[in-house]
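Participant: Chain by chain, the residues run as shown.
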Amino acid sequence: MKLSVKSLIGLSGLSRSEIEFMLEQSESFKEISYRPIKKVPTLRGKTIINLFIEPSTRTRTSFEIAGKRLSADVINFSASSSSLTKGETLTDTAKNLEAMKPDLLIVRSQAAGVPELLSRTVATPVLNAGDGFHEHPTQGLLDLFTVREHKKKIAGLKLAIVGDIYHSRVARSDIYGFSKLGAEVTVVGPPTMIPSGIEQLGCKVSYHLDPVIPEADVIMMLRIQLERGAGNFLPSTREYSRFYGLNLKRLEQAKKDVLIMHPGPVNRGVELSPEVADSSYSVILDQVENGVAVRMALLYLFCGGADEVSA
Amino acid sequence: MKLSVKSLIGLSGLSRSEIEFMLEQSESFKEISYRPIKKVPTLRGKTIINLFIEPSTRTRTSFEIAGKRLSADVINFSASSSSLTKGETLTDTAKNLEAMKPDLLIVRSQAAGVPELLSRTVATPVLNAGDGFHEHPTQGLLDLFTVREHKKKIAGLKLAIVGDIYHSRVARSDIYGFSKLGAEVTVVGPPTMIPSGIEQLGCKVSYHLDPVIPEADVIMMLRIQLERGAGNFLPSTREYSRFYGLNLKRLEQAKKDVLIMHPGPVNRGVELSPEVADSSYSVILDQVENGVAVRMALLYLFCGGADEVSA
Amino acid sequence: MKLSVKSLIGLSGLSRSEIEFMLEQSESFKEISYRPIKKVPTLRGKTIINLFIEPSTRTRTSFEIAGKRLSADVINFSASSSSLTKGETLTDTAKNLEAMKPDLLIVRSQAAGVPELLSRTVATPVLNAGDGFHEHPTQGLLDLFTVREHKKKIAGLKLAIVGDIYHSRVARSDIYGFSKLGAEVTVVGPPTMIPSGIEQLGCKVSYHLDPVIPEADVIMMLRIQLERGAGNFLPSTREYSRFYGLNLKRLEQAKKDVLIMHPGPVNRGVELSPEVADSSYSVILDQVENGVAVRMALLYLFCGGADEVSA
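Residue numbers (the numbering used here), protein chains in the order written: chain A, 1 to 311; chain B, 1 to 311; chain C, 1 to 311.
Just chain A, with the same shape it has in the complex (with noise of 0.2 angstroms):
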């Protein structure tokens, strides 16, 4: 299948059929990371810059695995130390980076629209790790293939997005990712941390968690990023949690088949008791095994692989 786009700036962009082209693409990349060597020569000589203008461990790491798990040369390019303290345009950056023949860019930016902006700077196909508050695709795709994974199918499930909408660019490609797939996605959050208007990304709103528990096949909890001055949107985190974090109580009202998610970092006892994150409904560690997995097959894909398997 030949891809509509160059780069993955967010799944807002996506064909339903590219989303679940992606996701089979996945799957025949998980059983990689299985094997006794886990490494195969798909992208042998292809150098991949993670060019994170935001700091991010685990999301860097996790695309390293992957790039390393296809024979890639991975380059961590970080800005903190770079040339963009200088005084260089991100623009400037960009080109430059791409004079030295990468195959692929990721990156992760604190403002929205970076990945986009370089992707039409550069002849470079850009995947976007995260950017601001607008989009995070890889995870939105690790999430699909997650739930795919445990409930055979998209259509037809209820999801619940449960925390601060306003600044989660999780969110936003759930909402786009599981929509174009058929689910009902509800966002759930005090008013403060849900933007209005934003049912017009085809989800429901609902200020309050406890409704909505008892009808979710998934409910993907937030994180609260305290880091990021979410405290400024709450009374306190002990009231937060009383309202909108989930556990056991509140658990034993959902479907005994629900699922509950989580992107990480989690702060336990905030959006989940401990109890709950442990127990045995979440899927968080399952979700950060399939990233590996679906950044493999995105690696794959937009390093050229698409049109192989296309031709």
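Fair warning: there could be bad hints in the mix.
As the list claims (entries may be wrong) - Think about it this way: if two alpha-carbon atoms lie no more than 25 angstroms apart in a straight line, the pair counts; the simulated DSS-like pairs of lysine-lysine are:
#, chain 1, residue 1, chain 2, residue 2
1, A, K30, A, K153
2, A, K204, A, K255
3, B, K153, B, K256
4, C, K30, A, K95
5, B, K6, A, K39
6, C, K255, C, K158
7, A, K152, B, K101
8, B, K204, B, K152
9, B, K101, A, K151
10, A, K6, C, K39
11, A, K39, B, K39
12, C, K101, B, K39
Source of the hints: derived by calculation from the structure; they are not laboratory data.
Model the placement of chains B and C on the given structure of chain A, informed by the hints.
Facilitator: Just chains B and C now, kept in the frame of chain A:
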């Protein structure tokens, strides 16, 4: 030989024969670093994560070189920019990394007990690269290896460990390792820097350096870690140096074949005079070189090689 | 050809034929970055350490990509978290790294002379990746390579180097390199930024840009390094830009085939107007691209390839 442990937390948990087995294995890896092509395919397709919660360039570099010479994929995960700063618990960080299917976690931490805690948390084997004031077992093993290389034996030798015993994980690993292999260990330092009851680990104590020197076959000079507040335990580094520093005059009292060792980095003029550090008695750079060989052996053994050897 | 030097400290220490040999070698490496599989086994099993005492993401990335495309193991060793902050001397750090048997040290430092000092300290070859205000020989070589690629020669060309000559290691390497190969070099800048006596390096001096432009075949615009205090040598960047910045109006006075160069990162609107930076005269991105090829050649030659070629 099948190791009795999944992880290498400390030399205190190993038997004499296990330590000797590791030293023998290390010998066969040393030669690789002298080849024109310093690389063997032993760990191809294995993923090793350097989880360094406490920064350390030197030890991290030694492990990274060891891993790459065995063809492993080595991922550096430093805590400063990681999820640990976002409120995630250490065990959750380890479980997240485990979900990415590494074959080995190399853990360094400022707090004692972290490698053991993580080893109990995850199924992945853990190598302790130094934890607080507890142990630094790979340093202990490379010290044993270096002495054995020069003296052809450990049993019966007299080892003096000089300096800040209290805050030294190297001292603890050396006491365990050299004692188990039959050496006689004496720790030497000012009373503020020797914990009471240390004799129970199987060593002697001396508050004076001069009477110990003529007896010693090996003198291990510890680093005064000024950056960790060691100055609070000393009147001054000049006074420390006068009573516990090794200079040419003191060296004259030593055996003609004494070995001078130091785990590095050396404070020249504090623990050792420059003349002693650079003398023919000094095997400090041998220690660094052997560190790569010992770590290659340990990476091999704890990535499953021990079982193969036993089969 | 057998090189006369173990290490590459500066272009001042090389003969004309050695520089030409390096440029010729670089040509054969450039094509590798255009292949679908950008990797050759030339340096498989070699260990290269990037010892960057002064941080630099761009140059480090260029060297890292060069090393990986040659299949070398590249280890990044940054000084900020290293033993250098613990009181170890630089020469001890280098000797420690040498004990781990690397094949090459790439050294960048804020202080002039560090690469030479370390090259005298260890047997391992050293490549200077920029030292203080002294030299940046790989930049000088990639500048020569880029000019030669476009002009088919160096001898007889007129090169103007414009800006803060005083603080520029790039200027020094370019003066040495272009002079040795027969170009006529003029340095241009305000009197506060041109060291007295610079003519002794074999260049002319002009305090005015306008009379130099019509004569020049190549105009090398240097970066005003505001982050290093260059502002103290200028009334204001606006005034600097008015007298020494290159804009379209000034460019009209230049030869029709003039080359505009810049070592990057560019301060758009200070040294160069955006229109000039993006004009067809600009070969700034060619410089970046050629940097990878030149560094591949140098890694090859200083890891022993020069001897093989001569044999």
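Participant: Does the structure break any of the earlier hints, and which numbers would those be?
Facilitator: none
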